[in-house]
Amino acid sequence: MLKVKSLNASYKDLQVLWDVSFEVRKGEFVVLLGANGAGKTTILNTISGIVTNKSGVIEFMGTDIAKLPGYKVAAQGIIHVPEGRRLFPEMTVKENLEMGSLFPEAKAKRKETIKKVFDLFPILQEKQNQEAGNLSGGQQQMLAIGRGLMALPNLLILDEPSLGLSPVLVSQIFDIVKEINQQGVTVLLVEQNVAKTLSMCDRAYVLENGRVIMEGQGQELLNNEHIKEAYLGI
Amino acid sequence: MSLFEAKNIVKRFGGVAAVNNLSFTVEKGEILGIIGPNGAGKTTVFNLISCFFPPSSGEIYFKEKRIDQVPAHDICDLGIGRTFQVVKPLKRMTVQENVMVGAFLRTNSTAKAKSKAEEIVDFCGLTKFKDYEAKSLPLALRKRLEIARALATEPELLMLDETCAGLNPRESEEAIAIIKKIRDSGMTIIIIEHIMKVMMGISDRILAINFGSQITIGKPQEVASHPEVIKAYLGDDHA
Amino acid sequence: GSQNAAGSADVIKVGIILPLTGSEATFGNMEKNAFEMAYEELKAAGKTTIGGKDIQLLFEDDQGKQDMAKSATEKLVNQDKVVMISGAYSSASTNVIAGAAQSMNIPLLVTTGSADDITKKGWEWVFRGAAAPASKYTVALWEMLDQVIKPKTAAIIYESTDFGKSSATGFRAEAEKRGIEIVYDQPYEAGAIDFKPMLAKVKTTNPDMVFAVSYLMDASMIVKQSKELDFNTKLVVGGGAGYTLPEFRENAGEASEYIASSTLWVPSVTWPGAKEFFDNYVKKYGKEPDYHGAQAYATMHIIVDALNRAQELSNTGIQKALKETDLMTVMGPIKFEDWEGYTNQNRPYTYVVQWQKGKLEVIWPEDVKSAPLVYPVPNWGER
Amino acid sequence: MKNKKLLLTIIALIAALAVPLIIKAPYQLHMVILILIWATIGTAWNLLGGYGGQVSFGHAAFFGIGAYSAGMLNLYLEVSPWWGLLLGPIAATMIAYPIGLICFRLRGPYFALAMLALGEIFRILFTNLSVTNGAQGILIMPEITSKVFYYYIGLAILALTIMTTYKIVNSKIGYYLVSIREDQDAATSLGIPTTTYKIIALLPSAFFTGLVGAFYMNYVSFIDPKIAFNLVNVSIMIILVVMLGGPATTWGPTIGAAIYIILGELFRATLGAANVLVFGMLVCIIIMFMPNGIIGALTNLGRLLRQKKGWPGGTKHESI
Amino acid sequence: MVLFGQSVISGVLLGSMYALIALGMTLIMGVMKIINLAHGAIVMVGMYVTYVCFHQFGLDPYLGMFAAMIVAFLLGCIIQKYMINILVKVESILPQNQVLLTIGIMLVLTEIARLIFTSDYRSIATGYSSKTVFIADMSISVPMLIGFFIAIAFTTLLHLFLTKTDLGKSIRATAQDRDAAVYMGVNSSKITVITFGIGSALAAAGGSLLLPIFYLYPDVGQLFNAKSFIITILGGMGSTMGAIVGAIILGTAESLGATYISMGYKDLVGLIMFILVLLFLPGGLKSFIRR
Ligand SMILES: Nc1ncnc2c1ncn2[C@@H]1O[C@H](COP(=O)(O)OP(=O)(O)OP(=O)(O)O)[C@@H](O)[C@H]1O
Ligand SMILES: Nc1ncnc2c1ncn2[C@@H]1O[C@H](COP(=O)(O)OP(=O)(O)OP(=O)(O)O)[C@@H](O)[C@H]1O
Ligand SMILES: [Mg+2]
Ligand SMILES: [Mg+2]
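Protein chains in written order, with the numbering used here: chain H, 1 to 234; chain S, 1 to 239; chain C, 1 to 383; chain P, 1 to 320; chain U, 1 to 291.
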């Protein structure tokens, strides 16, 4: 479904991605691993067209999207729940959710999807008329994911969704991601919660200094010595 | 008397109480962890202590002096340093200059501030990056810079807000090592963190809150096995 | 600027500073046109060549800013080596140029700037001929008020600028002398959209007459809104400027009817050449000149006259020639005299004019009037 | 490094002292004096705006008060307007204090707009009050005509201003100011009383602006409220001068002033009716393509040439 | 009593004349966070368009208003697309450099107008320019009354547009976080361009409403910048209802100030109100009105 081939990307004159290749197949749950600053967020932003200084091929369902501007990528059904949530702080929770469903198909089902999101995150329903900026960190994260779901995505990209969440919410969020995946949405996830994600995912890629150094099944990597030492700190 | 004491503090935003009648003490030299679900009011507690806004009611004492009405900048002078959950680096200043700004609290001499900063930059393992602008650092280092800058003000009480969030296990271990080093130098610390492994490892006591009120306070093991904490915060798989 | 020094040998340079861009550019350009027109006429008459040297006009743009006026003066005097300066339009610029001219011992002939101060400092290098001190615009008006109208109460409204304030001060002083009660006396900031609050207040004081000093568009706003408020008084007199210009009539429409004003010049004055100037200007530039144009036109004549009479074309020579000026111009006879604390100041002739049936008629002084005064003016409802 | 800087400063100073020996034409010298005036205002503004990040749109207030101090001394006490050089800066500083207390309660654009409003308030007050001679302004007779004299006074004022701001900027206060500019919350958490330090920056800024205002009055010999408190021609021009040269740099305002004055006069003298139009276009182009001024653009270029590699993409910092 | 009534009526009507201009400002400043000192110049452009329509094609100013809005919309789009959008991409020490850009734009627009139309004052005389109706001795200007109703209509429309339509929400979303809006599939540069365009069109409409009763010249716009700032802050940044209420409050305050203090201090009333609101009511009227 998503094929990335020899992707290079830079900020100004500083190159951060070097010849990155990976793929995500339809219905899969793929994880990107890597230390801080390895370039995970950069990869995701390259896909969704926010980082423009790049070369290489990004193919989504057969079409090359590498040259598309960001907003057209979203129109393809790739929805990115960004690092740091990036909500619209002065809009209400409900308006934030509505902003998630701007494309015709999603808009047609707006009411139903909102209901589903509220079922997933009851706290959002409770706070639906509050400004998003006044939510606590965890609530904001839920809203960000909810907003992503509103678009009825083909491919859902999540960048560290568990960041700053309480343990119970972390498990909840992972459960939800898993559930979304099982409902047929393809998921590409970046996480620091290495043990947990590796045990859940189908496949994973390991990134170091902007290069893919390893790939494999989740369980398989979990037992890898290098991974154990560098990421699990065992 | 304890080094720090909060008495029945309340903070309301609009009608909602983010912190609701919370009381706790911190003893000299200990590490107090604060846990609680998202939106429980942890960061708000820090903001109250550092007087970013005044409490709706209640009293806060530090070294037996009441501090809840003093201007925010005096808090640091009194000996309370903090970091921010959402890091706030002084972006276009170098790492060293960031730390110098902290060090200037205790000296007026540029030379002294500089040497002090160098010492602390080294202590936090940032020497390699001391001439880089703060905006070019990755998150892990920015968080460490927050700690370094707060340390430079020579606090007696240091408040750390999710300094390990977003770090991978390996990096958080490095962060923990630094925090332990700080404690060993005799500083008192209040720390907020969601990663239980970290909290269990370094806290002397843990305060668990929900809806702005205390659930329980005590030894890490006791708190972690408190049924209400499990229910509201840890979830069943942690039990 | 050393190349220019060599060139200055065979031409006589005269520097003229005007606002050619910026918000005062309308008048600056009108004056520039009038200067040029006069120059060409004088050239045709062979007066612009003196001892084999041609008079050359150097125009500098001050954008209506005193900073620029200072720079322009410096440039003209020190780089272009002009023998004398003329200009400027605004009082602010003229003030600065006057100070600079005085300190550099260069003759300055003021074209328009009307601040009283300019010729009240005893500055021997500063001359004001075609322009009057603002407080003297009303000489004819007071004659008329004394002889015909004899008001008991008056209201003064004026824009808070140099010209407005000087005019109001002058009017107030004269009124006090005569025991006329000033029932309303306030400045306003130019450019307001709504004068009704002020006018409504004036209306409650019910004055015999209103003396208003306004720039162009404020003038028409004030009379239009007086009409809208149905504020009737026996006579509204403008203090010059805004109330006499063609645009006033155009913008105020019927509300301009019977509004009077004091002024320095109208096309129908009897001074020789005035009518020709007006007609030629209209023919040449397709626009009607107002008194600013006449001032510039007359100033050009004064300059050429003085330069022709000067014993030598040095600063002192020109100063002396200017001082001895006795010339008839479209603005009337020009002489630089010292009186009432003024130095090198021509005694201005002033007029009172009134809009009647869309035409600006001279109603005072008696001997030059083109139409009789309409007084008291009918109420708005009856016009 | 340090020695080199010192050497350069000394060379610059000697060159500056020698200017009247080289430029003898009064007209050119007049331009240079205007440059000195604007360089001083810009440097003073830069302390608060460039380093402290408190962008003031109301510095005309201080300029005007300085100028009026000189004018009113002459008008009422009939003493030499040169005494204004003493009274002007003091008056401006005294006015600045309450202004600071009021406006520094606001941040960012709100602060900028409040200062804009205050500048306008002063203009309206000075237009309507009769003690200030209202709209008529104050005209004085310049006592000294030698341009060289004005040049050296102007130079001394600029040198004093640059030296003082340099000292401040490289001390604790400077670090505090920059930290306030970068993140006020962080600064507060580090124990910096932000309002106090903003005022500490405002007072000298107002002082020197007032000083140069008084000098301006002596030099130009006439002011009225429209000139002295002008929003576009003073308050905004100051910012333009600083932006042009490079905010938060020692020499930026001076370079900016030189360019501003020279180009402005060149355009005025040569371009005729289109001169302001061209100037406006130039402003747009400079801001769009040199957001950190000429010095900023040059250092950026320097960086590109010098620094090619290095993690983490960080640009090494030039001294603040 | 008549005097007081007359002042209040004048003030309310005057305020409503400011309202549309301020509405444009609140969209550009409040929603897009751009301090736009070229706003007045755009009002001026709108006025000239209306003027030309009237003189060349005999178009009534209330119809010319639509032509002015279209021209100003395009002009605003161009300014945002080719100038401001380029500027926000480069990083600078002081974010306020964007203000200076708008000053440059103001100079350019004003001088272009001057080259075309010279500095002459121009006005149009319509049959209703001076029409008034009297209520108990208090005069009400008909064109101002028309302006009042048009202002209310536009405000209501804009309010509904921003809160009820997806495009309106996208505008607000883009203002708050450009990149985040892109993640949602919003073409955020296009949105900023449209927003600036709409803001400019409203400003031009405000100018057109003034034309029957006022006059124009190239610098006329400067009269409106400060007023629109005051109103925008007074009403609360980005609040449409705040803008119109703020405008009317400012108009009334100016009017009462002119009557009871002095016309010379009229503008002072507004400015002092401005500073007081900044200090003591930082959210503006918005805090009361609730968007
Ligand atoms: N806007 C930017 N400008 C310049 N450099 C950047 C920018 N964003 C990121 N970088 C640099 O690019 C590199 C990769 O960053 P990226 O954010 O992709 O890492 P990451 O793997 O997502 O890390 P984290 O775990 O901290 O989220 C880092 O060295 C970072 O400093
Ligand atoms: N400035 C504010 N205005 C209104 N409500 C606020 C504000 N700051 C915080 N709140 C509310 O107060 C509550 C507590 O927030 P706080 O940030 O203290 O939570 P927290 O415990 O730190 O959560 P997290 O673990 O997610 O960081 C939340 O419901 C939040 O919405
Ligand atoms: Mg990342
Ligand atoms: Mg928190």
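Please note that the accuracy of each hint is not assured.
[What the hints assert, rightly or not] Capping the alpha-carbon separation at 16 Å, the derived lysine to aspartate or glutamate pairs in EDC-like fashion look like this: (1) C:Lys136 to C:Glu124; (2) S:Lys91 to U:Asp166; (3) S:Lys88 to P:Asp185; (4) U:Lys131 to C:Glu254; (5) H:Lys94 to U:Asp166; (6) H:Lys12 to U:Asp166; (7) S:Lys197 to S:Glu222; (8) H:Lys109 to U:Asp120; (9) C:Lys150 to C:Glu174; (10) H:Lys228 to S:Glu27; (11) C:Lys275 to C:Glu176; (12) H:Lys116 to H:Glu23; (13) C:Lys369 to C:Glu382; (14) S:Lys180 to S:Asp204; (15) H:Lys107 to U:Asp179; (16) H:Lys54 to H:Asp64; (17) S:Lys135 to U:Asp120; (18) U:Lys131 to C:Glu361; (19) S:Lys91 to P:Asp183; (20) S:Lys63 to S:Asp204; (21) U:Lys164 to H:Glu95; (22) S:Lys91 to P:Glu78; (23) C:Lys121 to P:Glu78; (24) H:Lys115 to H:Glu90; (25) C:Lys152 to C:Asp230; (26) S:Lys88 to P:Glu143; (27) C:Lys81 to C:Asp10; (28) S:Lys135 to P:Asp183; (29) S:Lys7 to S:Glu27; (30) H:Lys72 to U:Glu91; (31) P:Lys24 to C:Asp230; (32) H:Lys94 to H:Glu83; (33) H:Lys94 to H:Asp64; (34) H:Lys111 to U:Asp179; (35) U:Lys33 to H:Glu90; (36) C:Lys287 to U:Asp179; (37) C:Lys121 to P:Asp183; (38) C:Lys234 to C:Glu257; (39) C:Lys121 to C:Glu337.
Don't read these hints as lab results, they were simulated from the structure.
Going down the list of hints, with the structure as the test:
For the given pair, Lys136 (chain C) sits about 21 Å from Glu124 (chain C) by alpha-carbon distance, which is inconsistent with the 16 Å threshold. Our distance criterion of 16 Å between C-alpha atoms is broken by Lys91 (chain S) and Asp166 (chain U), whose separation comes to about 36 Å. For the hint linking Lys88 (chain S) to Asp185 (chain P), the alpha-carbon distance of about 8 Å falls within 16 Å, and the restraint holds. Between the alpha carbons of Lys131 (chain U) and Glu254 (chain C) the distance comes to roughly 12 Å, so the proposed pair stays at or under 16 Å and holds.
Distance hint between Lys94 (chain H) and Asp166 (chain U) is fulfilled; the C-alpha atoms sit about 13 Å from each other, no more than 16 Å. Proposed proximity of Lys12 (chain H) and Asp166 (chain U) is contradicted: the alpha carbons are some 34 Å apart, above 16 Å. Pair hint Lys197 (chain S) plus Glu222 (chain S) holds up; C-alpha atoms about 15 Å apart against a cutoff of 16 Å. Pair hint Lys109 (chain H) plus Asp120 (chain U) does not hold up; C-alpha atoms about 59 Å apart against a cutoff of 16 Å.
Between Lys150 (chain C) and Glu174 (chain C), the direct Cα distance comes to roughly 13 Å. Compliance with the 16 Å bound is thereby established for this hinted pair. Between Lys228 (chain H) and Glu27 (chain S) the CA atoms are separated by roughly 38 Å; this puts the pair beyond 16 Å, and the hint is violated. For the suggested pair Lys275 (chain C) and Glu176 (chain C), the alpha carbons sit about 38 Å apart, so the restraint of at most 16 Å is broken. Of the pairs offered as hints, the one joining Lys116 (chain H) and Glu23 (chain H) is violated, with about 30 Å between alpha carbons and a cut-off of 16 Å exceeded.
A C-alpha spacing of about 25 Å is found between Lys369 (chain C) and Glu382 (chain C), which places the hinted pair above 16 Å, so the restraint is violated. Between Lys180 (chain S) and Asp204 (chain S), the direct Cα distance comes to roughly 12 Å. Compliance with the 16 Å bound is thereby established for this hinted pair. A threshold of 16 Å between alpha carbons decides the hint, and for Lys107 (chain H) with Asp179 (chain U) the separation of about 21 Å lies outside it, so the pair is violated. Taking the CA atoms of Lys54 (chain H) and Asp64 (chain H), the gap is near 14 Å; set against the 16 Å cutoff, the hint holds.
Distance restraint check for Lys135 (chain S) and Asp120 (chain U): the Cα-Cα separation of roughly 52 Å exceeds the 16 Å cut-off, and the hinted pair is therefore not satisfied. At most 16 Å may separate the alpha-carbon atoms for a hinted pair to count; Lys131 (chain U) and Glu361 (chain C) exceed this at roughly 28 Å. The suggested pairing of Lys91 (chain S) with Asp183 (chain P) holds, with an alpha-carbon distance near 8 Å, which does not exceed 16 Å. For the proposed pair Lys63 (chain S) and Asp204 (chain S), the alpha carbon gap of about 20 Å is over 16 Å, so the pair is violated.
At roughly 10 Å between alpha-carbon atoms, Lys164 (chain U) and Glu95 (chain H) fall within 16 Å of each other, so this suggested pair holds. A C-alpha spacing of about 53 Å is found between Lys91 (chain S) and Glu78 (chain P), which places the hinted pair above 16 Å, so the restraint is violated. A C-alpha spacing of about 14 Å is found between Lys121 (chain C) and Glu78 (chain P), which places the hinted pair at or below 16 Å, so the restraint holds. Restraint check for Lys115 (chain H) and Glu90 (chain H): not satisfied, since their Cα atoms lie roughly 22 Å apart, outside the 16 Å limit.
Simply put, Lys152 (chain C) and Asp230 (chain C) have alpha-carbon atoms about 22 Å apart, too far for the 16 Å limit, and the pair is violated. With a CA separation close to 56 Å, the supplied pair Lys88 (chain S) and Glu143 (chain P) exceeds the 16 Å bound. The straight-line distance between the Cα atoms of Lys81 (chain C) and Asp10 (chain C) is roughly 12 Å, inside the 16 Å bound, and the hint therefore holds. A distance of roughly 12 Å separates the Cα atoms of Lys135 (chain S) and Asp183 (chain P); the hinted pair therefore holds under the 16 Å criterion.
At roughly 15 Å between alpha-carbon atoms, Lys7 (chain S) and Glu27 (chain S) fall within 16 Å of each other, so this suggested pair holds. Simply put, Lys72 (chain H) and Glu91 (chain U) have alpha-carbon atoms about 26 Å apart, too far for the 16 Å limit, and the pair is violated. Restraint check for Lys24 (chain P) and Asp230 (chain C): not satisfied, since their Cα atoms lie roughly 65 Å apart, outside the 16 Å limit. As the CA atoms of Lys94 (chain H) and Glu83 (chain H) are separated by approximately 21 Å, the hinted pair breaks the 16 Å bound.
For the proposed pair Lys94 (chain H) and Asp64 (chain H), the alpha carbon gap of about 34 Å is over 16 Å, so the pair is violated. Proximity of Lys111 (chain H) to Asp179 (chain U) is assessed by CA-CA distance (about 25 Å); at most 16 Å being required, the pair is judged violated. Note on Lys33 (chain U) and Glu90 (chain H): the hinted pairing holds, with a Cα-Cα distance of about 13 Å set against a maximum of 16 Å. Of the pairs offered as hints, the one joining Lys287 (chain C) and Asp179 (chain U) is violated, with about 56 Å between alpha carbons and a cut-off of 16 Å exceeded.
Restraint check: the Cα-Cα separation between Lys121 (chain C) and Asp183 (chain P) comes to about 55 Å, which exceeds 16 Å; the hinted pair is violated. For the hint linking Lys234 (chain C) to Glu257 (chain C), the alpha-carbon distance of about 13 Å falls within 16 Å, and the restraint holds. The hinted pair formed by Lys121 (chain C) and Glu337 (chain C) meets the criterion: a straight-line CA distance of about 14 Å does not exceed 16 Å.
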